[in-house]
Structure formats: structure tokens, C-alpha cells
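Produce the complete structure using the sequences and hints provided.
Letter by letter, the chains look like this.
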Amino acid sequence: MEHAPVVIQGLAYSFGSSQPPALDDLSAVIRPGAVTGLVGPDGAGKTTLIRLMAALLLPGRGSISIFGLDTRREPTELHRIIGYMPQKFGLYEDLSVMQNLRLYADLQGVIGSARQQAFGRLLAFTGLVPFQSRLAGRLSGGMKQKLGLACALIRKPRLLLLDEPSVGVDPVSRRELWRMVQELVNEEMAVIWSTAYLDEAEQCDEVLLLNQGKLIFAGPPRELTKRVIGRCFQIRNMSGNRRLVLANALQRQEVQDGIVQGENVRIVLRNGASPPELAALSAGPEAKLAAVAPRFEDAFVDILGGGPGGTSVLAAAMAQVKDDGLITVEAQGLTKRFGDFTAARDITFAIKRGEIFGLLGPNGAGKSTTFKMMCGLLRPSAGIGRVVGLDLQQAPGQARSRLGYMAQKFSLYGDLSARQNLEFFSGVYGLAGAKQKETVARMIDIFNLGPHLKVAARELPLGFKQRLALSCAVMHEPAVLFLDEPTSGVDPLTRREFWTHINGLVERGVTVLVTTHFMDEAEYCDRIGLIYRGQMIAAGTPDELKGSTANAQLPDPTLEDAFIELLHRWDDKSREAA
Amino acid sequence: MKDRLRRMKALIVKEFVQVVRDPSSLLIAFVLPMILLFLFGYGVSLDAKRLQIGVAVEDSGEEAASLAASFLASPYFEARISRDARVLEADLLAGRSRGIVVIANDFSRRLHTTGTTAALQVISDGSETNTANYVQNYAQGVVSTWATLQQLKQGNSNVTGPRLVPRIWFNPELESRDSLVPGAIAIIMAIIGTLLTALVVSREWERGTMEALMATPVGIAEVIIGKLIPYFLLGMVAMLGSVAIAVFLFKVPFHGSVGALLLTSVAFLLAALGQGLLISTLAKNQFVAAQVAMITGFLPAFLLSGFIFEIASMPLPIRGLTHIIPARYLVTNLQTLFLVGDVWNLLLPNVLILLLLAGALFFITARKTAKRLR
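Chains as they are written, first to last, in the numbering used here: chain A, 71 to 648; chain B, 16 to 389.
Worth flagging that the hints you see were computed from the coordinates, not collected in a lab.
All C-beta atoms in this analysis are idealised placements derived from N, C-alpha and C, irrespective of residue type, glycine included.
Be a bit skeptical, because a hint or two may be false.
As the list claims (entries may be wrong) - A few chain A residues that face chain B, going by a derived Cβ cut-off under 10 Å, partial list only:
no.: 1; residue: 150
no.: 2; residue: 152
no.: 3; residue: 163
no.: 4; residue: 166
no.: 5; residue: 218
no.: 6; residue: 222
no.: 7; residue: 225
What the hints assert, rightly or not - Calculated pairs, SDA-like style, for lysine to any residue (alpha carbon to alpha carbon, straight line, at most 25 Å):
no.: 8; chain 1: B; residue 1: 383; chain 2: A; residue 2: 142
no.: 9; chain 1: B; residue 1: 299; chain 2: A; residue 2: 84
no.: 10; chain 1: A; residue 1: 226; chain 2: B; residue 2: 24
no.: 11; chain 1: B; residue 1: 17; chain 2: A; residue 2: 172
no.: 12; chain 1: B; residue 1: 17; chain 2: A; residue 2: 185
no.: 13; chain 1: B; residue 1: 17; chain 2: A; residue 2: 168
no.: 14; chain 1: A; residue 1: 479; chain 2: B; residue 2: 221
no.: 15; chain 1: A; residue 1: 643; chain 2: A; residue 2: 631
no.: 16; chain 1: A; residue 1: 442; chain 2: A; residue 2: 499
no.: 17; chain 1: B; residue 1: 17; chain 2: A; residue 2: 145
no.: 18; chain 1: A; residue 1: 442; chain 2: A; residue 2: 242
no.: 19; chain 1: A; residue 1: 226; chain 2: B; residue 2: 234
no.: 20; chain 1: B; residue 1: 383; chain 2: A; residue 2: 145
no.: 21; chain 1: B; residue 1: 299; chain 2: A; residue 2: 531
no.: 22; chain 1: B; residue 1: 299; chain 2: A; residue 2: 142
no.: 23; chain 1: B; residue 1: 383; chain 2: A; residue 2: 85
no.: 24; chain 1: B; residue 1: 299; chain 2: A; residue 2: 85
no.: 25; chain 1: B; residue 1: 17; chain 2: A; residue 2: 143
no.: 26; chain 1: B; residue 1: 24; chain 2: A; residue 2: 145
no.: 27; chain 1: B; residue 1: 299; chain 2: B; residue 2: 35
no.: 28; chain 1: A; residue 1: 158; chain 2: B; residue 2: 31
no.: 29; chain 1: B; residue 1: 383; chain 2: A; residue 2: 87
no.: 30; chain 1: A; residue 1: 284; chain 2: A; residue 2: 374
no.: 31; chain 1: B; residue 1: 24; chain 2: A; residue 2: 182
no.: 32; chain 1: B; residue 1: 24; chain 2: A; residue 2: 187
no.: 33; chain 1: B; residue 1: 24; chain 2: A; residue 2: 204
no.: 34; chain 1: B; residue 1: 299; chain 2: A; residue 2: 129
no.: 35; chain 1: B; residue 1: 299; chain 2: A; residue 2: 88
Stated by the list, open to error - The following residues of chain A were derived to be distant from chain B, with all beta-carbon distances above 12 Å:
no.: 36; residue: 138
no.: 37; residue: 293
no.: 38; residue: 422
no.: 39; residue: 466
no.: 40; residue: 489
The following block contains the structure:
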């Protein structure tokens, strides 16, 4: 009998007797010739499961076999037939592209004529031919990912394990990787792809959905999506404020989940519930309810018990700032040159009070450079950045005291407890005495940090880290909030909770500047600036951007489609000009 | 077998490319050794010469003047003469001088009066205990030489009492550089063997490359050997380079044989590499690995190897501890090889102990390392 690529039987794994099991009583079979998505919130056990399949960890109970090879008994034979790409790609940064390939070829025993063939095939396949002598550390994120894939593929593995290959990689690179993996899958090869992106999961042939170490669904994604058929709607043609409509909708019993999608609000109803009255949501007289096709994400949130409520206690506790329509954040011709390389060129935008402005763009396009100039962390070569009318070069301290900043990576002090972090950051922002005590107490109350106060911030569950980081950024009630990829690597539930707070704060008159790779996050923005090759190549509302790229083949493009199309157009235009 | 060799060769080549490309490895492997060598060769000296002292000549007699002149002439002192001790006290307080010799105003008189002792007061700065000792001892030396000369001058050729006749073996000039430079070479090899090795292995864990390696058919022994050979070679190159600099630049004599030097170095490097590998299997990030390597490798090589501080004068528990510090045996052997020669009945036992330590460290490392992430 032919062995299945992976057979998991009664698998359990724990990192220590005092810890809850990382994986619990898991059984599954993975079939050949398919991409199997390993999906689940952060900390669900995806990486642990992949490492167990690669025989890098041994099962606590139960067993895993790969094409009939037991991970416990035959790890060496098993390592000859798998290709494994770990989260950091497993590349040697001080080695060139070719040296990395040669190393892995030697380790995998690819020699003789097969060797040159493999190099030729993989370099062409990944488009790395022009970069053979470049150091791996100097490659862009997308190219590193391709090289990591090439190294994992050097011996044509029968099972390819990819651990979150698309984390921190922009949509263009993600799409390319996806296309490449699709080409690889055939009757001999099975691919396991772990991901936090649910749109990727939706395209997989099969998914394993993990939550808190348990397998809660296995099968084709449309099987899961079936459960929300007839329950997904968009509220369109609203004249009211869409953020308020969403908040109202989420307060209703019958609404299971909801998000902003450009001008519209998407809701998922509870099983058996009928749609809420639009008038009760203050959506305006013109508003219409349109049934839309369910997405994997809708089903995912549904099976996990629905999204959080719509009101932000954080925003409720903040003073309302009068909406005077003034411009609070402004970039005028911001330019940054590093030597003869221009990282950002003549970037100009203005954000009004109570507006969310998103900066989108591929890795290395100049988003972070622009962002750092706006925070006053980087001195522009030319141009001016202003926050609440204060020039970041003239009055950086004053300007920064008016803005809250949440960094891309977890940037709190991991060794300090949650409370110590709150006290430290409130002190840094100049709160003292009774006011400081009161603010810290309020944050603890709002974010339910009470049970976690003494825990070192590093040890907090991800959702609480996120809450703590947000509370540290808003304790001084800033007029402007800067968020740098705030929900990167965070699961959809935590992301919804986060955006509930942001929406609430914006309603209170806070201005938000956000960078993101997540298209559903971009949908929350009032306006988007698309940064590419150091320039702002397009700006507008999400719907305007989508509309500008609609054509006969793709009448209703997603924001990601629009994003990629706008980049292509820019490339074509600059090629013509050249 | 052929597969194994090819894989190990690939790993070794990779390691060398990394050393050459990575500035921090280059720094630790080449620049740091040079700095240490030059520091100990030119900068640090344990010899106390030209100590700043004050000589208060309160007596105006001829003997007092002649004694003061002896102090001025001594190579060990840089003496400032004054009539008034209080002026010199100010220097001592301010740290500009290390001691005061007071020739009291009745010195000459007492010298000529039988039945009285002509006392000299020597004040020294006890906040620097070693220097204070030097001041006392050198002062005593100056005075006793002067006294002998005085007696000879008076035609009293029959000087009584026992006399010390010092002969210093192996390093007749007592040139501290000659014993410091071999010690510095030991430190350099400890750095490369332990610190660099611990760092490069933990870096593989930190960057996730170890995880990728482990998912290939490479065996754990191959990974370990692939690390050992490059850093072993690097350590040997650093050792030979340092010895060459010591001999040709610093003119430190080398009385031993090259064979004995190689034997000692190989034994020590194995122990140091074993230690480095053990650290990196226990600490999987570079920061912790660097700390542990510093505390268990570099600092003991400095403090407990007998390189600077005499082991015999350490308290018993610390003396016991020095027996498991590989650098201790290397320092002894190197100093012997440089200054004395091939004293096999001293060198061999040390080499054997080093090999034993190396064996123990490799054994523990092999037990602790498995081809697993945890």
C-alpha cells in the first residue's frame, strides 16, 4: 500500500509538565498532490506541529509518520525526503545566494550532473539568476523567502514544510510564492503551508484549523465556509458614519462578526438570526443590505465563537476632541537620501483630525523611512513633517509629546511586569503623582490587565501584549496615533478587538497614521497612500483605488488586486519613460 | 561515509567563508589578539621602576646628604628632595608620590654616637598595597647598600653579618614582559577556543539556521566536527602568529621546542573548544553565550591561571578551582617553554590533564546535544 505523506495519530506534545499542552490529541492524514494549509491563531501550535513533522521535536504521546517513516525511529531517512523552510528561512546571511545553494546541495547529497541541473532549475524558478553572487543578508524579504524555498527544494523533496513563509512579506511577493508552490505540487509532492493569512488558507486544497492545541477542523476550506452561507452581508450606500454603524451592528445580538470594508460594512449573522434593522444602526435612509459570498475568514471567526463587541471602553474613557476639521498631520515634500540612494522622494500628504490614513507598499519601498521621518526619528534630507502644527525638526520634543507611537515589533520591556511597563511609559510621557496613578489604574481596568499585572510582559499571551502596547501608546491621550504594522502576526480575533479601539479613538477625534501589509486592515482606512520605489504613486479612499483599477476582466477588484495592478502600471510607465 | 565527508567539508568551507565575511568574527579572531598582545608586550608591566617618592632631609650632616644622594641615584626611585617633610606630605596626599623617607635632624649625630640607633622613617601609601611594599623594600635596599659602602669607606673592610647573594634563574633581568607575553597567548587562545566557538554556534540557533540544518540528513556529530575543525585551525594560526610576534617583535626568548609547543597548544585548544561547544548547547542565544564564555572562560584564564596572580597565595577553595581551569596548565607550559625549555616532567602531566578535561567536556557536550530542538 502507498503511504500517505503524513499520518498523525493521537499526537500530544507539551513544553513542560506545568504548561498546558501545546498540542492535544491530534489525528489527521495529509494527502499527496495538494497544498494543506495549517491555520490558526497565534500560539495555536502551528510551528510546534511543523517541527514535530520534521522530526525536530519528538511526540509526547501518539505518533507521526512521513511516507511511512516514523519521526521517532527513522529521523535520518525522513530528513532525506523532506524539505523544510523554517520561519527565518534558514539562510546564512554572510553567504552568497550561490554559496547557500551549494551548501544545501552538499548537505542533501545533490552531486554530479544533478547538481548543476538543480541549480539552473531553481535559480530560474525563483528568478534569482541575476543575484547569484549577492549575499543572502542583502536580499529583500521577498527574495530571501525565494532563496529559502530554493534551498528547501534542492533535492526535490516528497514533503515540503513551509512555516509561515509569508510573514512580513508584501502582497506581491506573497502572490509569487503562492504561484511557485502551486507549480510544485503534483502526485509525488505534498506541501504543508502554515499561515496566519486567511486569504491564503482559503486558496489551499485542504486546511487543518488549530486552536489552543486542538484540531477543530480538517478538510477543504469551502467545507468550513459552508457554515456561514446565507449569513454574510454588506451594508452599502450608507450616509451615516460607517465606523458608528459597525459599532452599533456589533452591539446587536444577531450579529456574530463585522468589519469595515472601504465605504461598506460587512457583517456575519449568528446562526438562524435575521438581519438587524438598518435604521437601528443609524446607517442612513439610503442604506441597503446586500448578501455577499462567504469568506474563509467569516467561517474562521464564526467557529471560534465570533468577534469582540463594538464599543471601545478605551475610547469611552477619553475626552472628546472637537472636530474642527483642522489638519493635524502633514508631510510636505519629505525626502530622504542615504548616500546616492533616495529612500523617499517628495512625499506629501495631509491628514485631518479624526481621520485614518494608511501607508501601503511593498517591503523596502520607503514606508518605514517615511514613517520614521513623521515620528521625528529620522531627519529628512528635504521637506517638512508637522504634527498638530509643530515642525518635527523645530520642536521634536513638543511634537512627540502630542503623538502616541506603537512600534512594529513588540517594543515594551519584556523583563518588566505589565504594571511596571505602564508606570514607566506613563512616566516617560510626563504623567506623575495622582494623575499617573489614576491613568495606570484606568488602563488596567479598560484592558482587563488585572490578572496579568505581575507577569513579565514577554510572557503575556499575544492578545494581552497587544493591549498593553496600545495602552502604553495612548496613556497620555495623544492627539495623533502612529501605528507601524500594529497587527502583524496577530490572529483575526485580536485584530478585530484592536480595530474596535482604534475606531473608537478616531470617533473621539484622534488622528491615526498606520502602515500595514494586511489588506483587510487597509480597508479600515479613510484614505490610503501607496508608496513604491520611494514615491507616493497613488492616494485615495480604498474604494477609489479599487475603482481606478477595475476593468472588464476584473470588474470588482479586491484591494490587493488594486494594489498589485497599481504597482504594475507604475512599472510599465517608468519603463516607457526610460 | 563519502556523504559524511562531503557534508563536513561543506560545513567547514561555510564556516571559513563566514569568518572572513563576518566582521565580529574577524574582530575576535584577529584584532582582539593583536590588541591584547601589544597591550601586554608594550603597555602592562608589573615591574615597579621610577617610583615617585619624597626624601625629607631635615639633617644637614654629611651622611644625611650622602644617603639622600643614594636615593636620587637609585633606578627604582624618582626622588624629590626637600628640607621640609610637610611639603612632601602634600604630594603623598595628592597621589603624586608613593612614599616619603624622612632623614630626621639627629640622624648624623645618632650615627656617630655609640649606643643609639640612627632611625629612618619610611612612610608609604597603603592604599596601593603592592606599591607600598615596593617602596619599603627598595628603601631598605638603598639604605643597606649605602650603609655597607659607608663602612667600606671608613676602611672597615670586615663587614659582618650574613649577606644575600641573589641569582635569578630563567629570567635574569626579571623582565615581566617575558612572562606576561606567554600568558597573553594563553588568553588569546582561550578567547578563540571558548568565546568565538560559543558565539558562532549560538548564532546558528539564534538565526534559525541550526533548525534548517537539523532538517537535513546532516548528523549532529558532523555539525560539531564542522565547527571544531575551523576554529581549531584558527586557534592554531592565532597561537603560531602570537608566538612569532612574541619572539621576533618583543624578543621574548623561546627555549622550548616547536613540537612541545604544538602538543601543548593542541591539548589546550581541544579543552577550550569543548568548553565553547558545551556553553553553546546550553545557551542558545549569543548574548547569554557571550556572558557565560566570559565568566567561565576568559576571566578565569585571566585571574585564576597564575598568569597575573600567584596561585599559591590564593585561598584553598579557589586554589582547588584553578585545577579545572584549562588556562592554568597552558600558562605554566607556555611560560616554561618560553623561559626554561622542554621540561618534560612538568609539561607532560599538564598536557595529559588538558586532554582529560577536553575528554570530559566533549563527553558532556555529546550527552547534552541531540539532533532535536529541545
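Results for each hint:
no. : hint             : in the structure
1   : 150              : holds, 5 Å
2   : 152              : holds, 7 Å
3   : 163              : holds, 7 Å
4   : 166              : holds, 9 Å
5   : 218              : holds, 8 Å
6   : 222              : holds, 8 Å
7   : 225              : holds, 9 Å
8   : B:383 with A:142 : holds, 18 Å
9   : B:299 with A:84  : holds, 20 Å
10  : A:226 with B:24  : holds, 23 Å
11  : B:17 with A:172  : holds, 17 Å
12  : B:17 with A:185  : holds, 16 Å
13  : B:17 with A:168  : holds, 23 Å
14  : A:479 with B:221 : holds, 17 Å
15  : A:643 with A:631 : holds, 18 Å
16  : A:442 with A:499 : holds, 19 Å
17  : B:17 with A:145  : holds, 20 Å
18  : A:442 with A:242 : holds, 24 Å
19  : A:226 with B:234 : holds, 20 Å
20  : B:383 with A:145 : holds, 18 Å
21  : B:299 with A:531 : holds, 23 Å
22  : B:299 with A:142 : holds, 24 Å
23  : B:383 with A:85  : holds, 18 Å
24  : B:299 with A:85  : holds, 17 Å
25  : B:17 with A:143  : holds, 24 Å
26  : B:24 with A:145  : holds, 22 Å
27  : B:299 with B:35  : holds, 23 Å
28  : A:158 with B:31  : holds, 22 Å
29  : B:383 with A:87  : holds, 20 Å
30  : A:284 with A:374 : holds, 12 Å
31  : B:24 with A:182  : holds, 16 Å
32  : B:24 with A:187  : holds, 22 Å
33  : B:24 with A:204  : holds, 22 Å
34  : B:299 with A:129 : holds, 22 Å
35  : B:299 with A:88  : holds, 22 Å
36  : 138              : holds, 18 Å
37  : 293              : holds, 31 Å
38  : 422              : holds, 44 Å
39  : 466              : holds, 31 Å
40  : 489              : holds, 26 Å
The structure agrees with every numbered hint stated previously.
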